[in-house]
Amino acid sequence: DTTVKQNPRYKLARVGKPVNLICSQTMNHDTMYWYQKKPNQAPKLLLFYYDKILNREADTFEKFQSSRPNNSFCSLYIGSAGLEYSAMYLCASSRGRSGTEVFFGKGTRLTVV
Amino acid sequence: QQKVQQSPESLSVPEGGMASLNCTSSDRNFQYFWWYRQHSGEGPKALMSIFSDGDKKEGRFTAHLNKASLHVSLHIRDSQPSDSALYFCAVSPNYNQGKLIFGQGTKLSIKP
Chain A
1 DTTVKQNPRY
11 KLARVGKPVN
21 LICSQTMNHD
31 TMYWYQKKPN
41 QAPKLLLFYY
51 DKILNREADT
61 FEKFQSSRPN
71 NSFCSLYIGS
81 AGLEYSAMYL
91 CASSRGRSGT
101 EVFFGKGTRL
111 TVV
Chain B
114 QQKVQQSPES
124 LSVPEGGMAS
134 LNCTSSDRNF
144 QYFWWYRQHS
154 GEGPKALMSI
164 FSDGDKKEGR
174 FTAHLNKASL
184 HVSLHIRDSQ
194 PSDSALYFCA
204 VSPNYNQGKL
214 IFGQGTKLSI
224 KP
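Chain order of the listed sequences is A and B.
For the first sequence, counting from 1, position 44 maps to 44 in the working numbering; every step adds exactly one.
For the second sequence, counting from 1, position 10 maps to 123 in the working numbering; every step adds exactly one.
Isolated chain B, as found in the complex (with noise of 0.2 Å):
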């Protein structure tokens, strides 16, 4: 069955740092890859898709992947305290985009 992998579970940065999280897919027919954000109380919001291997930057936000090892991470930096919340790393199968497996999450803290 189809698992995504995430780490670290938690994560706590300083304002103004860098963060970095990972995650990993078991499933070649899994390519597609989505980082959602949910802060307290809300649902989960998208935050950036990479479905090419190499970087994607939006903004403070760069996401790596590589197909190959069907590794992506998310890097954030200048972190700001508005960024602590819980991060989801998300795959869809070739077949069928709109359907998101999704890992198990790393709560990230950012400390004024």
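Next up, chain A with everything else stripped away, as it sits in the complex (with noise of 0.2 Å):
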């Protein structure tokens, strides 16, 4: 099962709450992604844990969270939605750092309204 799972598909927030997004995959990879995109434009790499340290990318250092609390699960959290975080966010695995593949879910579509 080469499956990444996201969840929910479809969220709406309201501004200035907090927002939560889950993703997980059984195929016990050490790495796991997050990635925004936006209509039209390049999915953005916001952070990714290598096993249990996480890298955030440091245009977005401020604005995104993450937790591992174990291999086959990551969430993506959001202190307080603006409505640039109206996006699409892309939960992504792979195993290890030798330029093998990376794994995409399906994503959620956050709508902050």
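Calculated from the structure, these hints are not laboratory results.
Being a predicted model, the structure only gives us computed values, none of them experimental.
Where hints are given, some of them may not hold.
Claimed, not checked - Derived BS3-like pairs (lysine-lysine); straight-line CA-CA distance at most 27 Å:
hint, chain 1, residue 1, chain 2, residue 2
1, B, K224, A, K63
2, A, K106, B, K224
3, A, K63, A, K17
Got two chains here, separate frames each, mind docking them using the hints?
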């Protein structure tokens, strides 16, 4: 099974409220990623976990948090949603850092109103 | 900042024809290229990777990499309606080949 599962598929949030997105994989991959995709833009890497070590991109460092309670699960947390957070959020996973394929989930479409 | 430029933005090809997509990386530290394909309602899925100069063929798909110019192309022969999708080029840095930087994508439409 090469599936990365994301829940929910669609989420509506209010400005100023927190948002928590969930991702799981059963491939025993040691690395999990979160990307943000806006219309007509490239998917943008937000952060990734290598095992238990969190790496956040410099330009999104303060906007997103994440946790990985075990190897299979990873969450993306927005403390106070703004309109600019409306986007598709893609979770992905891969085995190691040796150039192996990165597997993506179907995404969660977040709309902030 | 690392950029990945793809062209064209959109492409329409008749069924059975050849589709050609292009991608260029702006940073010589990013030399590991991937092609991903995303159908509507699905997540991106890896088509193929290419890390060495020259051609790599997988079925109807051929990728060509020129490391000197950091340019990679994807050619799809005998295009099928099921090839209609958004195609992303992605590059990895030499030091972390799992970290992908994506281009903005090429929307490919195959006309029956």
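Status of the hints after comparison with the structure:
Of the supplied pair hints, the one linking K224 (chain B) and K63 (chain A) is violated, its CA atoms being roughly 42 Å apart against a limit of 27 Å. Between K106 (chain A) and K224 (chain B), the direct Cα distance comes to roughly 26 Å. Compliance with the 27 Å bound is thereby established for this hinted pair. The straight-line distance between the Cα atoms of K63 (chain A) and K17 (chain A) is roughly 13 Å, inside the 27 Å bound, and the hint therefore holds.
In summary, the structure is inconsistent with hint 1 from the numbered list given earlier, while agreeing with all the others.
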